[in-house]
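Working from the sequences, and respecting the hints, build out all of it.
If you read the sequence shown in the numbering used here, its first letter stands for residue 83, the second for the next number, and so on.
You may find that some hints are simply not true.
Once the Cα atoms are required to be at most 27 Å apart in a straight line, the calculated DSS-like pairs of lysine-lysine come out as [to be verified]: (1) Lys321 to Lys342; (2) Lys321 to Lys347; (3) Lys197 to Lys184; (4) Lys197 to Lys210; (5) Lys210 to Lys184; (6) Lys307 to Lys347; (7) Lys215 to Lys307; (8) Lys321 to Lys307; (9) Lys197 to Lys215; (10) Lys163 to Lys184; (11) Lys215 to Lys184; (12) Lys210 to Lys307; (13) Lys163 to Lys210.
No wet-lab data here; the hints were simulated from the structure. Computed from a prediction, not measured in an experiment: that's the story for all the values here.
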Amino acid sequence: MLGSVMTPAVMEICLLGLVSLVPLSVITVLSPSLKEASILHICHCIMSADTEVYAVSIVGPFPTAVTSLLDLTRLDLHNNKLTGPIPPQIGRLKRLKILWNKLQDAIPPEIGELKSLTHLYLSFNSFKGEIPKELANLPDLRYLYLHENRLTGRIPPELGTLQNLRHLDVGNNHLVGTIRELIRIEGCFPALRNLYLNNNYFTGGIPAQLANLSSLEILYLSNNKMSGIIPSGVAHIPKLTYLYLDHNQFSGRIPEPFYKHPFLKEMYIEGNAFRPCVKPIGFHKMLEVSNSDFLV
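Here it is as structure tokens:
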């Protein structure tokens with residue numbers, strides 16, 4: 083189905099449930115007004131290559147033709163089977179607001195040229211290589227989703243300079259490094275609410291400086307190789323609501339302030355080497371301690 087919605091402020095093109103025998107690049111001329119579109123949805127489609135039909139997916143390389151849509155503000159390509167890299171020409175889309183694909187190879191640094199980008203969804207792909215530090219050039223970026231890829235290396239600390247970043251999710255990759263390296267820039271991540279570092283290979287401890295992330299609500303560190311004690315200062319992050327420390331190598335005792343935190347609802351500590359004297363953290367709150375390896 084090819085549909086369009088035209089208003090004085092926005093033109094939206096929807097390609098939903100599309101069945102086609104033509105190359106994806108031809109989509110750009112299916113509608114005479116497509117070149118004026120500001121929002122383009124291409125998802126849940128059925129395309130064919132030769133005689134084989136691929137269900138609920140567009141199959142093939144990234145459609146470079148969309149990079150010529152200079153008025154595009156939002157591009158949605160989720161739930162497809164696009165392959166290959168994101169082309170460097172993507173940097174031409176100066177007003178791209180959402181990018182969500184199922185692609186592979188490296189994340190192109192040219193994405194850092196999309197100065198108006200607010201949401202970047204690259205999760206559930208096969209991206210390899212390091213996270214480009216050029217993403218720190220996106221002053222309006224609020225949501226960065228990179229989980230479930232094959233990313234390696236360290237998270238660039240330059241991301242901490244993003245003044246509006248609220249959500250950073252790099253879970254389920256092959257990343258290394260320490261939290262201390264990530265937050266080494268003074269005044270970093272001033273607006274960050276949700277930090278997902280789970281299921282990677284992070285090492286080291288939780289630095290006391292983490293308490294400077296005063297907007298933090300969710301801290302997800304599960305399934306890494308982190309160690310050391312939990313600094314009591316983390317319990318003074320004002321709106322900390324969910325804390326996941328499970329399946330690491332943390333030790334020592336749970337600091338007393340965690341039991342009195344007014345917003346903390348869930349705290350998972352199983353699979354560590356914490357000492358005894360763990361107690362409930364309050365009414366309708368949860369402290370998950372099952373299968374913990376307590377030390378006497």
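Violations among the numbered hints
none
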